[in-house]
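Asker: The chain contents come next:
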Amino acid sequence: DVKVTQSSRYLVKRTGEKVFLECVQDMDHENMFWYRQDPGLGLRLIYFSYDVKMKEKGDIPEGYSVSREKKERFSLILESASTNQTSMYLCASSLRREGSRDTQYFGPGTRLTVL
Amino acid sequence: SQQGEEDPQALSIQEGENATMNCSYKTSINNLQWYRQNSGRGLVHLILIRSNEREKHSGRLRVTLDTSKKSSSLLITASRAADTASYFCATRPAGANNLFFGTGTRLTVIP
Numbered sequence: 033d034v035k036v037t038q039s040s041r042y043l044v045k046r047t048g049e050k051v052f053l054e055c056v057q058d059m060d061h062e063n064m065f066w067y068r069q070d071p072g073l074g075l076r077l078i079y080f081s082y083d084v085k086m087k088e089k090g091d092i093p094e095g096y097s098v099s100r101e102k103k104e105r106f107s108l109i110l111e112s113a114s115t116n117q118t119s120m121y122l123c124a125s126s127l128r129r130e131g132s133r134d135t136q137y138f139g140p141g142t143r144l145t146v147l
Numbered sequence: 003s004q005q006g007e008e009d010p011q012a013l014s015i016q017e018g019e020n021a022t023m024n025c026s027y028k029t030s031i032n033n034l035q036w037y038r039q040n041s042g043r044g045l046v047h048l049i050l051i052r053s054n055e056r057e058k059h060s061g062r063l064r065v066t067l068d069t070s071k072k073s074s075s076l077l078i079t080a081s082r083a084a085d086t087a088s089y090f091c092a093t094r095p096a097g098a099n100n101l102f103f104g105t106g107t108r109l110t111v112i113p
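Going down the list, the sequences are from chains B and Y.
Under the working numbering, think of the first position of the first sequence as 33, with each following residue one higher.
Under the working numbering, think of the first position of the second sequence as 3, with each following residue one higher.
Worth flagging that the hints you see were computed from the coordinates, not collected in a lab.
Bear in mind that the values here come from a model prediction, so they are computed numbers and not experimental data.
Keep in mind that the hints are not guaranteed to be accurate.
Derived pair list, reagent style SDA-like, types lysine to any residue, alpha-carbon separation capped at 25 angstroms [what the hints assert, rightly or not]: (1) B/Lys85 x Y/Gly97; (2) Y/Lys72 x B/Arg76; (3) B/Lys87 x Y/Ala21; (4) B/Lys89 x Y/Ala96; (5) B/Lys103 x Y/Ala98; (6) Y/Lys28 x B/Pro93; (7) Y/Lys72 x B/Leu73; (8) B/Lys89 x Y/Ala87; (9) Y/Lys28 x B/Lys103; (10) Y/Lys28 x B/Leu73; (11) B/Lys87 x Y/Pro95; (12) B/Lys35 x Y/Asn100; (13) Y/Lys58 x B/Asp91; (14) B/Lys35 x Y/His47; (15) B/Lys35 x Y/Arg38; (16) B/Lys35 x Y/Ala87; (17) Y/Lys58 x Y/Ala21; (18) Y/Lys28 x B/Lys45; (19) B/Lys35 x Y/Asn40; (20) B/Lys35 x Y/Lys72; (21) B/Lys87 x Y/Gly97; (22) B/Lys89 x Y/Asn32; (23) B/Lys45 x Y/Arg43; (24) Y/Lys28 x B/Gly90; (25) B/Lys89 x Y/Ala21.
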């Protein structure tokens, strides 16, 4: 089974802090994604990566950056956390972008609270 | 927005009944997927249907796709209390790099 793990289930940070959210997948997937999930808004894509050292902006990249130095690890960085970044953050990975390999596998999520 | 939109937003049924959720989308797609999310957890993939398919089954799940109406439905037969979760449709629009998720249907199955 594919396993996607996230470094923390719950995280509390203060406004202005730099925050790192880590995601690791163990199935040699090419693609990795970071979403945030907010009530009534569904999942919104922040950033994604199709290969090591590659990144592309999603729908809401402002206030975030990412790093993918190794294929299995995709990090989301909040350079200066703000209260409007309080949310559930979900990481996902997939093997390919076409056909049945388009399935995304999700981690358990990190609930971040910024005070 | 290219998001799928699920309908209804919330659904409450008795155990043993069937549950039907609908998804509508706006652009032509390569595929449509359904995911399930238990409260406070990550999403789990249920089923993928390609744009050239009309119906697909997996266990108690049946998915239909009508590309002319840009809509899909997810049917869960003989529901169980353990089916209580939120269900999301996700579309991959033709030419797009990503999946677009809807806001979900919250299903409650009452024992």
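Asker: Run every hint past the structure and note whether it holds.
Answerer: Here is how each hint holds up against the structure:
1. B/Lys85 x Y/Gly97: 23 angstroms, holds
2. Y/Lys72 x B/Arg76: Between lysine 72 of chain Y and arginine 76 of chain B the Cα gap is close to 21 angstroms, so the pair holds against 25 angstroms.
3. B/Lys87 x Y/Ala21: 39 angstroms, violated
4. B/Lys89 x Y/Ala96: With Cα atoms ~19 angstroms apart, lysine 89 of chain B and alanine 96 of chain Y stay inside 25 angstroms; holds.
5. B/Lys103 x Y/Ala98: 22 angstroms, holds
6. Y/Lys28 x B/Pro93: Cα-Cα ~23 angstroms, so holds.
7. Y/Lys72 x B/Leu73: Since the Cα atoms of lysine 72 of chain Y and leucine 73 of chain B sit roughly 21 angstroms apart, the hinted pair holds (cutoff 25 angstroms).
8. B/Lys89 x Y/Ala87: 30 angstroms, violated
9. Y/Lys28 x B/Lys103: 34 angstroms, violated
10. Y/Lys28 x B/Leu73: Distance ~17 angstroms between lysine 28 of chain Y and leucine 73 of chain B Cα, so the pair holds.
11. B/Lys87 x Y/Pro95: Roughly 20 angstroms between the alpha carbons, so the hint for lysine 87 of chain B and proline 95 of chain Y holds.
12. B/Lys35 x Y/Asn100: 21 angstroms, holds
13. Y/Lys58 x B/Asp91: 30 angstroms, violated
14. B/Lys35 x Y/His47: Distance ~13 angstroms between lysine 35 of chain B and histidine 47 of chain Y Cα, so the pair holds.
15. B/Lys35 x Y/Arg38: 17 angstroms, holds
16. B/Lys35 x Y/Ala87: Within the cut-off at roughly 21 angstroms; holds.
17. Y/Lys58 x Y/Ala21: 16 angstroms, holds
18. Y/Lys28 x B/Lys45: 38 angstroms, violated
19. B/Lys35 x Y/Asn40: Given pair lysine 35 of chain B, asparagine 40 of chain Y holds - Cα atoms ~17 angstroms apart, limit 25 angstroms.
20. B/Lys35 x Y/Lys72: Since the Cα atoms of lysine 35 of chain B and lysine 72 of chain Y sit roughly 33 angstroms apart, the hinted pair is violated (cutoff 25 angstroms).
21. B/Lys87 x Y/Gly97: Status holds; Cα separation ~18 angstroms.
22. B/Lys89 x Y/Asn32: Between lysine 89 of chain B and asparagine 32 of chain Y the Cα gap is close to 21 angstroms, so the pair holds against 25 angstroms.
23. B/Lys45 x Y/Arg43: 21 angstroms, holds
24. Y/Lys28 x B/Gly90: Holds: lysine 28 of chain Y and glycine 90 of chain B sit about 19 angstroms apart, inside 25 angstroms.
25. B/Lys89 x Y/Ala21: 36 angstroms, violated
In this structure, the earlier hints numbered 3, 8, 9, 13, 18, 20 and 25 are contradicted, and the remaining ones agree with it.
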